[in-house]
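Number of protein chains: 2
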Amino acid sequence: MSTQTKTAISPTRQEDYPEWYQQVIKASDMAENSPVRGCMIIKPWGYALWENMVQTLDTMFKEIGIKNAYFPLFIPLEFFQKEAEHVEGFAKECAVVTHHKLEVSENGTLVPSGQLAEPLIVRPTSETIIGDAFSRWVSSYRDLPIRINQWANVVRWEMRTRIFLRTTEFLWQEGHTAHASEQEAVKLAYHMLNVYANFVENYMAIPVIKGQKTPTERFPGAEETLCIEAMMQDRKALQAGTSHFLGQNFAKASNIQFQDAQGDQVYAWTTSWGVSTRLIGGLIMTHGDDNGIIMPPRLSPAHVVLLPIFRKPDEKTKVMSYIEQLSKELRSISYYGRPISVEIDEREIGGARGWDWIKKGTPLRVEIGPRDIANDSVFVGRRDKEPNEKVSFKREVFVKTITEVLDDIQRNLYERALSHRQSHTISIQDKKTFYDYFTPANTTKPEIHGGFAYSHWCGQAECERQIKEELTVTIRCIPLSVPKSQGTCIYCGKPSSYEVYFAKAY
Amino acid sequence: MSTQTKTAISPTRQEDYPEWYQQVIKASDMAENSPVRGCMIIKPWGYALWENMVQTLDTMFKEIGIKNAYFPLFIPLEFFQKEAEHVEGFAKECAVVTHHKLEVSENGTLVPSGQLAEPLIVRPTSETIIGDAFSRWVSSYRDLPIRINQWANVVRWEMRTRIFLRTTEFLWQEGHTAHASEQEAVKLAYHMLNVYANFVENYMAIPVIKGQKTPTERFPGAEETLCIEAMMQDRKALQAGTSHFLGQNFAKASNIQFQDAQGDQVYAWTTSWGVSTRLIGGLIMTHGDDNGIIMPPRLSPAHVVLLPIFRKPDEKTKVMSYIEQLSKELRSISYYGRPISVEIDEREIGGARGWDWIKKGTPLRVEIGPRDIANDSVFVGRRDKEPNEKVSFKREVFVKTITEVLDDIQRNLYERALSHRQSHTISIQDKKTFYDYFTPANTTKPEIHGGFAYSHWCGQAECERQIKEELTVTIRCIPLSVPKSQGTCIYCGKPSSYEVYFAKAY
Numbered sequence: 001m002s003t004q005t006k007t008a009i010s011p012t013r014q015e016d017y018p019e020w021y022q023q024v025i026k027a028s029d030m031a032e033n034s035p036v037r038g039c040m041i042i043k044p045w046g047y048a049l050w051e052n053m054v055q056t057l058d059t060m061f062k063e064i065g066i067k068n069a070y071f072p073l074f075i076p077l078e079f080f081q082k083e084a085e086h087v088e089g090f091a092k093e094c095a096v097v098t099h100h101k102l103e104v105s106e107n108g109t110l111v112p113s114g115q116l117a118e119p120l121i122v123r124p125t126s127e128t129i130i131g132d133a134f135s136r137w138v139s140s141y142r143d144l145p146i147r148i149n150q151w152a153n154v155v156r157w158e159m160r161t162r163i164f165l166r167t168t169e170f171l172w173q174e175g176h177t178a179h180a181s182e183q184e185a186v187k188l189a190y191h192m193l194n195v196y197a198n199f200v201e202n203y204m205a206i207p208v209i210k211g212q213k214t215p216t217e218r219f220p221g222a223e224e225t226l227c228i229e230a231m232m233q234d235r236k237a238l239q240a241g242t243s244h245f246l247g248q249n250f251a252k253a254s255n256i257q258f259q260d261a262q263g264d265q266v267y268a269w270t271t272s273w274g275v276s277t278r279l280i281g282g283l284i285m286t287h288g289d290d291n292g293i294i295m296p297p298r299l300s301p302a303h304v305v306l307l308p309i310f311r312k313p314d315e316k317t318k319v320m321s322y323i324e325q326l327s328k329e330l331r332s333i334s335y336y337g338r339p340i341s342v343e344i345d346e347r348e349i350g351g352a353r354g355w356d357w358i359k360k361g362t363p364l365r366v367e368i369g370p371r372d373i374a375n376d377s378v379f380v381g382r383r384d385k386e387p388n389e390k391v392s393f394k395r396e397v398f399v400k401t402i403t404e405v406l407d408d409i410q411r412n413l414y415e416r417a418l419s420h421r422q423s424h425t426i427s428i429q430d431k432k433t434f435y436d437y438f439t440p441a442n443t444t445k446p447e448i449h450g451g452f453a454y455s456h457w458c459g460q461a462e463c464e465r466q467i468k469e470e471l472t473v474t475i476r477c478i479p480l481s482v483p484k485s486q487g488t489c490i491y492c493g494k495p496s497s498y499e500v501y502f503a504k505a506y
Numbered sequence: 001m002s003t004q005t006k007t008a009i010s011p012t013r014q015e016d017y018p019e020w021y022q023q024v025i026k027a028s029d030m031a032e033n034s035p036v037r038g039c040m041i042i043k044p045w046g047y048a049l050w051e052n053m054v055q056t057l058d059t060m061f062k063e064i065g066i067k068n069a070y071f072p073l074f075i076p077l078e079f080f081q082k083e084a085e086h087v088e089g090f091a092k093e094c095a096v097v098t099h100h101k102l103e104v105s106e107n108g109t110l111v112p113s114g115q116l117a118e119p120l121i122v123r124p125t126s127e128t129i130i131g132d133a134f135s136r137w138v139s140s141y142r143d144l145p146i147r148i149n150q151w152a153n154v155v156r157w158e159m160r161t162r163i164f165l166r167t168t169e170f171l172w173q174e175g176h177t178a179h180a181s182e183q184e185a186v187k188l189a190y191h192m193l194n195v196y197a198n199f200v201e202n203y204m205a206i207p208v209i210k211g212q213k214t215p216t217e218r219f220p221g222a223e224e225t226l227c228i229e230a231m232m233q234d235r236k237a238l239q240a241g242t243s244h245f246l247g248q249n250f251a252k253a254s255n256i257q258f259q260d261a262q263g264d265q266v267y268a269w270t271t272s273w274g275v276s277t278r279l280i281g282g283l284i285m286t287h288g289d290d291n292g293i294i295m296p297p298r299l300s301p302a303h304v305v306l307l308p309i310f311r312k313p314d315e316k317t318k319v320m321s322y323i324e325q326l327s328k329e330l331r332s333i334s335y336y337g338r339p340i341s342v343e344i345d346e347r348e349i350g351g352a353r354g355w356d357w358i359k360k361g362t363p364l365r366v367e368i369g370p371r372d373i374a375n376d377s378v379f380v381g382r383r384d385k386e387p388n389e390k391v392s393f394k395r396e397v398f399v400k401t402i403t404e405v406l407d408d409i410q411r412n413l414y415e416r417a418l419s420h421r422q423s424h425t426i427s428i429q430d431k432k433t434f435y436d437y438f439t440p441a442n443t444t445k446p447e448i449h450g451g452f453a454y455s456h457w458c459g460q461a462e463c464e465r466q467i468k469e470e471l472t473v474t475i476r477c478i479p480l481s482v483p484k485s486q487g488t489c490i491y492c493g494k495p496s497s498y499e500v501y502f503a504k505a506y
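First to last, the sequence lines map onto chains A and B.
If you read the first sequence in our numbering, its first letter stands for residue 1, the second for the next number, and so on.
If you read the second sequence in our numbering, its first letter stands for residue 1, the second for the next number, and so on.
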């Protein structure tokens with residue numbers, strides 16, 4: 001019974017959420033910091049999750065006709081020169097390649113040599129270099145639309161880094177499209193937002209709010225930035241994906257012109273959209289508990305781990321042969337486009353073995369010993385239940401219902417997260433309550449403080465700025481799906497015609 | 001008939017092989033040069049081929065327990081300092097990041113700022129950074145073996161670049177393993193060579209010779225470099241994959257030590273192995289003809305293109321509905337782990353349409369018009385036959401036999417390439433013939449000159465160096481599968497106990 005009260009992760013979420021986050025990653029063996037400042041090493045368990053995310057999203061993209069391509073890692077400095085606003089937002093903190101050689105210096109150390117005539121920037125995002133390609137690929141309306149996606153690494157020289165959430169190098173996909181009409185480009189940007197929402201909600205089991213960013217929070221150079229926002233267990237918001245309608249801004253900077261059906265030379269309308277390894281951070285902070293991460297079954301690197309129980313060598317032979325047979329059966333079952341993924345952990349029984357798979361978040365743990373075999377049954381633990389809450393199933397029933405059980409876990413994770421968000425989202429219409437809500441010291445019930453505040457905003461950047469400065473609270477989004485309503489701005493009290501989500505954010 | 005004699009690519013292979021290569025890539029729309037020196041843009045048709053290559057290899061790796069992970073793009077300069085021999089061979093020509101900021105200068109241009117205390121190298125290969133991780137991950141023999149693979153971009157500052165064959169940035173996989181025993185590491189290095197040979201022969205349809213590199217040609221720091229070598233249509237060799245047994249060299253440089261079963265602290269034995277987008281260049285130069293590339297069916301981005309033939313709108317409706325139905329049927333068929341990939345080209349009938357798919361190398365082109373539909377038949381062109389050689393099949397037969405036909409094309413491509421290599425590989429045992437063979441001016445029959453010479457070599461680096469200097473001919477490999485034989489060195493005439501493959505190479 002002691003394992004039921006002891007937790008695998010120290011500190012607990014309650015004790016120190018940021019430190020819990022680091023410890024969960026360590027305990028699950030998903031990733032670690034590298035000797036290169038701000039860059040992470042994604043270890044096999046973390047990378048296998050990313051591969052499943054990539055495969056799922058990639059299939060969604062391809063189903064709607066988006067094609068993958070690959071563009072250079074380096075971007076000539078002059079490309080940034082073209083896009084003033086973009087640089088302002090992005091290019092300031094980036095890795096700059098200035099030399100193309102190493103030489104042995106007089107004291108025997110290696111030093112850079114071969115200075116480049118023009119420095120190269122390691123891509124922080126690829127609008128400029130892809131825009132340049134589009135300008136060559138497009139000459140007539142018949143060449144449009146172009147819908148391209150790239151899976152790549154990008155680099156942004158972040159000052160404070162945290163594995164998955166904010167790293168100097170990260171992995172992502174960036175989609176870039178060019179269209180003959182404004183309407184078509186806007187439609188695509190909205191469509192991609194729906195693809196992301198579908199992926200994050202139905203595969204990652206993370207509920208999201210779809211919305212627009214305010215002008216202040218937009219991607220540099222975008223006319224409109226759409227986003228999905230999720231609430232983490234510490235009630236802070238995480239931006240889980242963005243889709244940008246870029247108008248003709250990048251088309252003008254990159255000279256993406258075409259001859260339209262009337263024979264006129266006009267600029268294209270472009271979009272870009274991306275999600276990154278940051279989502280993994282969001283997954284951990286949404287589903288993790290004090291025993292480690294919980295993997296949503298539809299993306300989990302392994303669906304089930306089989307744990308043989310035996311004392312004597314002849315027992316081992318018998319148990320292992322039973323397990324081999326069972327794993328074959330399970331692997332022949334398909335679950336969301338992949339065969340059921342089975343791990344078999346033959347290590348000695350003991351404290352570490354079971355807990356390792358709990359910490360890694362494997363949806364199902366199955367113990368099988370001689371007594372189970374005698375009954376043709378298996379002893380199953382679900383990761384969404386307490387570690388010691390295990391149930392015996394007839395083997396046949398377990399095999400037959402495994403996809404339903406996985407889906408039940410998936411649903412359970414989503415519903416927990418949704419219920420958490422709902423209980424920490426409140427409508428606030430007066431300034432004092434709003435300030436108290438985001439200032440735990442001002443209240444007698446800190447446990448219900450913080451989260452999403454749904455409040456009126458007049459649309460003035462100045463009110464937004466003041467709130468950010470005073471409370472470090474930002475407008476996460478102007479939600480898409482809610483009817484407009486009349487009210488007064490939570491900051492200045494002037495009339496407002498819509499409500500927005502305010503929160504502290506990652 | 002005119003299309004039968006006219007070729008789609010100008011110049012032909014005969015006229016100018018290097019230029020033909022560039023034109024084939026352009027005509028197939030696979031890739032293009034980018035504005036960044038030596039870096040390519042891989043366009044959707046080329047990238048889809050790469051994706052199929054990746055998927056196939058990745059499945060092979062996973063089947064033998066290799067796990068994917070991801071390591072930083074940047075490597076601290078000090079890591080190179082540790083590995084003198086490695087640096088000598090590699091790190092001299094590489095991209096060096098020295099700054100992490102851009103600033104607007106007085107005259108309004110962007111300039112690098114924020115100089116790094118220690119420069120970072122953009123990875124040319126990851127032995128050093130992965131070795132550093134292994135040194136932290138390994139402490140006991142129980143932690144071994146570690147078998148890791150990474151799909152990544154790497155950068156080597158090449159002076160002369162050529163799309164796919166030699167580019168500043170390229171995509172590859174690099175496998176890295178650490179073992180408790182020398183024997184196990186050697187075995188793994190040989191095993192990976194076999195995986196590569198299997199992939200390149202059975203999927204890319206490129207016959208290869210498996211062998212060892214001479215000490216001179218080894219990977220810097222390796223004890224043994226194994227390779228597969230292929231012959232291109234211009235009879236030059238292309239190294240198509242390498243697998244290195246690194247002994248304890250990198251383990252010592254990176255301090256990968258562990259406690260063995262006897263309790264002693266010892267160094268691990270490591271390997272590394274990789275293939276890259278260079279293989280795409282090899283594919284083009286092996287299978288391309290004067291009409292464009294020919295895609296081996298098992299990796300082709302599309303297996304079949306359906307080309308509707310119609311004149312009137314009502315014909316179009318009828319034909320397109322027939323084609324939709326047929327494509328559904330075809331897509332339900334599986335071929336080497338992927339569903340049959342079908343393209344439908346609705347553009348107007350005319351010169352360009354059919355030729356576009358020939359230039360792209362699509363294995364099967366299927367024309368369908370009202371008359372074909374009346375007969376319930378389809379009109380099929382195979383990419384390994386002449387463009388105008390088309391055959392009518394009953395639709396039912398076509399569907400039923402499509403995987404056999406694809407495999408017939410696959411086999412045909414392999415056999416053509418094998419026969420080409422065989423007819424241009426000769427055993428030479430005297431120096432004059434050897435020199436004439438590699439000096440077209442010395443002979444009356446230049447069309448049979450060049451290729452692979454299979455000759456005795458005494459094992460002296462000096463003989464190898466002389467031959468390289470005088471003829472630009474290198475030892476491609478010491479083949480694995482041939483019994484040793486007594487003879488005399490082709491260069492110095494001293495006794496030799498084995499034969500090797502000599503060739504000019506990419």
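The hints are simulated quantities; they were obtained by calculation from the structure and are not laboratory data.
Check the hints yourself; a few may be wrong.
Given that identical chains are not distinguished, each listed pair holds provided it fits within a single copy or across any two copies.
The calculated DSS-like cross-link candidates involving lysine-lysine, where the alpha carbons are at most 27 Å apart (straight line), are [as the list claims (entries may be wrong)]:
id, residue 1, residue 2
1, 187, 236
2, 328, 67
3, 432, 26
4, 252, 101
5, 328, 236
6, 468, 187
7, 468, 494
Taking the hints in turn, this is what the structure says about them:
Within a single copy, residue 187 and residue 236 get their C-alpha atoms no closer than 30 Å, and across copies no closer than 51 Å, so neither meets the 27 Å cut-off. Proximity of residue 328 and residue 67 under a CA criterion of 27 Å is satisfied inter-copy only: 20 Å between copies versus 35 Å inside one chain copy. Proximity of residue 432 and residue 26 under a CA criterion of 27 Å is satisfied in neither setting, with 41 Å inside one chain copy and 65 Å between copies. Taking CA atoms no more than 27 Å apart as the test, residue 252 paired with residue 101 passes between copies only; the shortest distance there is 26 Å, against 36 Å inside one copy.
Neither within a single protomer nor between protomers do residue 328 and residue 236 lie at most 27 Å apart by alpha-carbon distance, with minima of 43 Å and 47 Å respectively. Neither within a single protomer nor between protomers do residue 468 and residue 187 lie at most 27 Å apart by alpha-carbon distance, with minima of 31 Å and 60 Å respectively. Only within a single protomer do residue 468 and residue 494 lie at most 27 Å apart by alpha-carbon distance; the minimum there is 18 Å, versus 82 Å between protomers.
In the structure shown, a violation is registered for the earlier hints numbered 1, 3, 5 and 6, in ascending order.
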